[in-house]
Amino acid sequence: MTAGGTRPLIGVLALQGDFREHEAALAACGTASAEVRTRAQLEAVDGLIIPGGESTTIARLLLAYELMEPLRERIHAGMPIWGTCAGAILLANDVPGLDRPPLGVMDISVARNAFGRQIDSFEADLDVSGLEGGPMHAVFIRAPVITRVGPGVDVLARLSDGRVVAAREGRLLATSFHPELTQDGRMHLLFAAMVADAARTEAA
Amino acid sequence: MSSNGSSNGAGSSGGETATWTVKAGLAQMLKGGVIMDVVTPEHARIAEEAGAVAVMALERVPADIRAAGGVARMSAVDLIESIQEAVTIPVMAKARIGHFVEAQILEAIGVDYIDESEVLTPADPAHHVNKHAFRVPFVCGCRDLGEALRRIGEGAAMIRTKGEAGTGDIVEAVRHMRALWDGIRRVQHSPDDELASIAKELQAPLALVQEVKRLGRLPVVNFSAGGVATPADAALMMQLGADGVFVGSGIFKASEDPADQLKLANSIVKAVTHFRDPEALADASRGLRHAMRGQSVAQMPAEELLAGRGN
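Here the protein sequences come in this chain order: A and B.
In this text, residue positions in the first sequence follow my numbering: the first is 1, and each later residue adds one.
In this text, residue positions in the second sequence follow my numbering: the first is 1, and each later residue adds one.
It should be emphasised that the hints constitute simulated quantities derived from the structure, not laboratory data.
One or more hints might be untrue.
[What the hints assert, rightly or not] Just a sample of chain A residues kept apart from chain B, beta carbon distances all over 12 Å, derived:
| id | residue |
| --- | --- |
| 1 | A27 |
| 2 | C29 |
| 3 | G52 |
| 4 | E54 |
| 5 | H76 |
| 6 | A86 |
| 7 | G97 |
| 8 | D120 |
| 9 | D125 |
| 10 | I141 |
| 11 | R142 |
| 12 | G170 |
[Claimed, not checked] Pairwise CB distance ranges (calculated):
| id | chain 1 | residue 1 | chain 2 | residue 2 | range |
| --- | --- | --- | --- | --- | --- |
| 13 | B | E256 | A | Q41 | 23 to 29 Å |
| 14 | B | E42 | A | A64 | 16 to 22 Å |
| 15 | A | S160 | B | I109 | 40 to 46 Å |
| 16 | A | A44 | B | D283 | 20 to 26 Å |
[As the list claims (entries may be wrong)] Only part of the chain B face toward chain A is listed, based on derived beta-carbon distances under 10 Å:
| id | residue |
| --- | --- |
| 17 | L30 |
| 18 | V34 |
| 19 | Q104 |
| 20 | E107 |
| 21 | Y113 |
| 22 | P137 |
| 23 | D193 |
| 24 | A196 |
| 25 | S197 |
| 26 | K200 |
| 27 | Q203 |
| 28 | V269 |
Computed from a predicted model, the values in this text were never measured in an experiment.
Just so it is clear, CB atoms sit at the ideal spot from N, CA and C, and this is done for glycine as well.
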């Protein structure tokens, strides 16, 4: 972990998926980032993004490379974490049909491939609470939806039919869509602010 | 890239479906992963268990297509559907080059990606499928930058270098990946006013050549295919600039034993994740009994090579 006073470092889990797009989005926001594939790399970051990818694959690789438990410990110790799409699935404490247990750290239920197969993937404009500057253009690819939120969870965005696609519980952030595939850096800025807040709190 | 106007539609979600962004976006989610050829639901489950990001549903792996001879066509619909039922990761399937009706059928059964593939016997000697007309995304093979950009111009949302399928010989995969990056570097270092001539020479759309210069890479994800048989082969292709790897015959032709198949599949996945870490690669290579026997491309007669199909 970085010492108090230095800029917080955001890790991007780089086992599989669109981690380079997250790194580019963080760089565009002026935030330092590092790829995380090993336990030592995980220990060096102040926050972590779990990118889009295949949730089944990432869950297996977390177990195979012995990162699941260390990651869970860091999250329980207060490390901010943001899951996009596959990442959101891994955060949830209830995912019907996922045969490997996900991280299970966030009090939400998530339905995988909630919209169908690839031909049903879509783009839509969303109002995200807490983000200024109008609706966010969101890309959904074989996307999950959040079907239940626990009492401590804030819903940040819904589709026009009411389904939940973004939520926050303290230092945990989950989005069904992929801000890293657009030029809109507001979600990355929001997460960078969460990481900076957490680092300040830890240092105090 | 422009969006893909005519085939867009409104989904149940109220959003816009089948846009260029969502077609090319699925391939973004596959990056850093391994896509495995499978011929049965059992193989598909082994692939998923090993951490494959997608499977390619086939009746025969390319090595067996070579051995069988005859006309190789789209796989049986029932077989593809049984594989779709067996796994939750994306399922791809192959259509013959130019066979847009096979592609229509694959779209109708809901495959996640269509591979318009030289491994099957081409159906059209001159034309590829107009992939813009489909809602499902396509992956196509290439041997160099011109071929890649022609396919993207036709609507391919993902590219794979062809290699020589079913041989277990990595030499053609290396040749095509190096040729592709050589072309990209040349475009990158050429002045803007020479791009039109380069586009003409590449027989590729100028707008795509300009985009390659701007990005310093292809505008879509590029995997390596055709000859990967070992973890070292897979990491070699990643270090040469692939975004991920297709493994065709390499896993399920190496051994009949499901335990061996799972171990080799696991090892290749690990090699792709940790492709720059020699210790992890040594670890991934440990305990492997044997790779597929393979066939040296240099000793094969030209008419047996698949990569020249479709240009």
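Consistency of the hints with the structure:
1. A27: Holds, since 15 Å exceeds 12 Å.
2. C29: 19 Å, holds
3. G52: 5 Å, violated
4. E54: The assertion about E54 (chain A) is violated, with a minimum of 5 Å to chain B.
5. H76: With a cut-off of 12 Å, H76 (chain A) remains clear of chain B, as the shortest Cβ separation is near 25 Å.
6. A86: 7 Å, violated
7. G97: At about 7 Å from chain B, G97 (chain A) fails to clear the 12 Å cut-off, so the statement is violated.
8. D120: Not fine: 5 Å to the nearest Cβ puts D120 (chain A) too close to chain B.
9. D125: It is violated; D125 (chain A) is separated from chain B by about 8 Å at its closest Cβ, not greater than 12 Å.
10. I141: Contrary to the label, I141 (chain A) does not stay out of reach of chain B, its closest Cβ about 5 Å off (not over 12 Å).
11. R142: R142 (chain A) not clear of chain B: closest Cβ-Cβ about 7 Å, inside 12 Å.
12. G170: The claim holds: G170 (chain A) sits with its nearest Cβ about 27 Å from chain B, beyond 12 Å.
13. B:E256 / A:Q41: 23 to 29 Å: 39 Å, violated
14. B:E42 / A:A64: 16 to 22 Å: 21 Å, holds
15. A:S160 / B:I109: 40 to 46 Å: 29 Å, violated
16. A:A44 / B:D283: 20 to 26 Å: 22 Å, holds
17. L30: 7 Å, holds
18. V34: 9 Å, holds
19. Q104: Violated, about 12 Å.
20. E107: 7 Å, holds
21. Y113: 7 Å, holds
22. P137: 7 Å, holds
23. D193: 28 Å, violated
24. A196: 28 Å, violated
25. S197: 31 Å, violated
26. K200: Hint on K200 (chain B): violated, closest Cβ of chain A at ~32 Å, above 10 Å.
27. Q203: Not OK, violated: Q203 (chain B) not within 10 Å of chain A, min 30 Å.
28. V269: V269 (chain B) check passes; min Cβ-Cβ to chain A is 7 Å, inside 10 Å.
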